[in-house]
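Number of protein chains: 2
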Amino acid sequence: MRVEVGISTRAIATRMKQQRGASDVMFPIPAALLVSGRGEHANVMTIAWIGMMSSTPPTIGVSMISSHYSVELINATREFTVNFPSAKQVEVVDYCGLVSGKKRNKFNDTGLTPIAGAKIATPIIEECPYNMECVVTETFELGDFTMFLGEIVETHITTTCIDAETGKIQVTQLDPLVYCAVIREYWALGAKLGNGFQAGRDLANRLKMS
Amino acid sequence: MRVEVGISTRAIATRMKQQRGASDVMFPIPAALLVSGRGEHANVMTIAWIGMMSSTPPTIGVSMISSHYSVELINATREFTVNFPSAKQVEVVDYCGLVSGKKRNKFNDTGLTPIAGAKIATPIIEECPYNMECVVTETFELGDFTMFLGEIVETHITTTCIDAETGKIQVTQLDPLVYCAVIREYWALGAKLGNGFQAGRDLANRLKMS
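Chains L and C, in that order, give the protein sequences. If you count by UniProt numbering, then the first sequence holds residues 1 to 210, one letter each, in order. If you count by UniProt numbering, then the second sequence holds residues 1 to 210, one letter each, in order.
Worth flagging that the hints you see were computed from the coordinates, not collected in a lab. Everything hinted at is true.
Any copy, or any two copies together, can satisfy a pair, since identical chains are not distinguished.
Here are the simulated lysine to aspartate or glutamate pairs, EDC-like style, with alpha carbons at most 20 Å apart: (1) Lys208 with Glu91; (2) Lys119 with Glu154; (3) Lys192 with Glu91; (4) Lys119 with Asp24.
Isolated chain L, as found in the complex (with noise of 0.2 Å):
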C-alpha cells in the first residue's frame, strides 16, 4: 500500500522539486574556528565540514583540503582545537577562511587571543564562547580532502554563557554563528522553537493512545 501512496504522487512531487545534481550544498551548520599547532605555530582557520561523529567517547569529524597548513600541523601533533565563535565574530571568521597561515599569523591579524587548554598543548581561542579540545583517533583521505576524527577530551564556555542557577548553557547568550555552506550566507539565530525530545511529545502521546 505505502508504495503505491509513493508512486502515485510521485509526478506531482517531481514538478514539486528540482534535482540539482551531486551538491555539497550543507547547512544549518558551524563555521567553526580550528586550531592547530602550538605556541607561536598556532594556526587558525576557518572550518565548516565538520560533524559529532559518535558520543561514545566524544568524537568529532572535521575535514580539510589535504594542501591545507593545517593539515601540516595536526599531523604533526596529532591534535586541534575547535571554537564555535558568536554571531558577532562573523568578519574575523571569515577572514580566516580567506587567507593562509602558510603567509599570515591570523592570531596577530585577527586579535583573537590563543589560551592554554587543559588537557592537549594546543590553544583554545579566548573569544570564542566554546571550545573543544580535540586528540586525533583517525586520519582519512577523501579524494582531496583529510577526514580527521578527533576525540574531544576537554571542553570550554565562557562563564557569561552559562545561567547561573541551573549551569545551563544559555544560547541566547552564546548566540552562535550558523552557516549555509556553498550558499555561502552567514545567519544569526532567531526564535527558539522548542526543545528536543519534548517537542513531538504530544504527537507520541496522541499516537499511542489511538
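Add chain C to chain L, keeping to what the hints say.
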C-alpha cells in the same frame, strides 16, 4: 612572543571559562531526517550527528547508535537519504527522534510523504525542502555508534525555495530548522549577517596594505 602573551592572559582567561568535561554538546547543527530502507520498509529517523566530510566527491558522514533500526536497513541496502526540514516541521522532526521504526511506521504517523529519488531506491521526503541521495562508501564502528560515509549522488530542492531569476537557493524561503544538540533546543534562523568569502574581505585588504 606569542607564547608569552598566551601565558600572561591565562589567569584572566581561566576565570572567564568554565571546563565542561569530555562533552558531545554540538551546535548549531541540522536536525535532519534520515530515510533508510525501501518501499513499505522505508523508515525515517531524526539525526543530528551529521557533517560534510569531503567535496571530492561530495561525501557526508552520518552517525547513529548501532542498535538503531536504521543501521540494519542501511547495512542491507548500502544507501540512505538525508532530508533537511524547515522550521515549521519541528514537531514531526522531534517525533521521529522519539519513536523507533521497529515499533511504528513513522511515515504513516507523521503524514510525511516518501517519494522516489532519481539515483537510488531509498525514497526522499517530499515535504522536506532539501534532499540528498547517498550511497555508502565506508562504515566504521565508533564506540556504541556506527558512522557511515555516504557519497551524495543526487540532491533535490523544492522549487519554491529557488530564486526564479538566479537559480540560487533562498535560505529565507527554505527556513531551515536549527538544532543545538545535548542542549536540546530547536531554533529558527534570524537575520542574515553576511556572505561567505566576502564578509572578511575588507579586513584582508586592510591587512594586505598595512
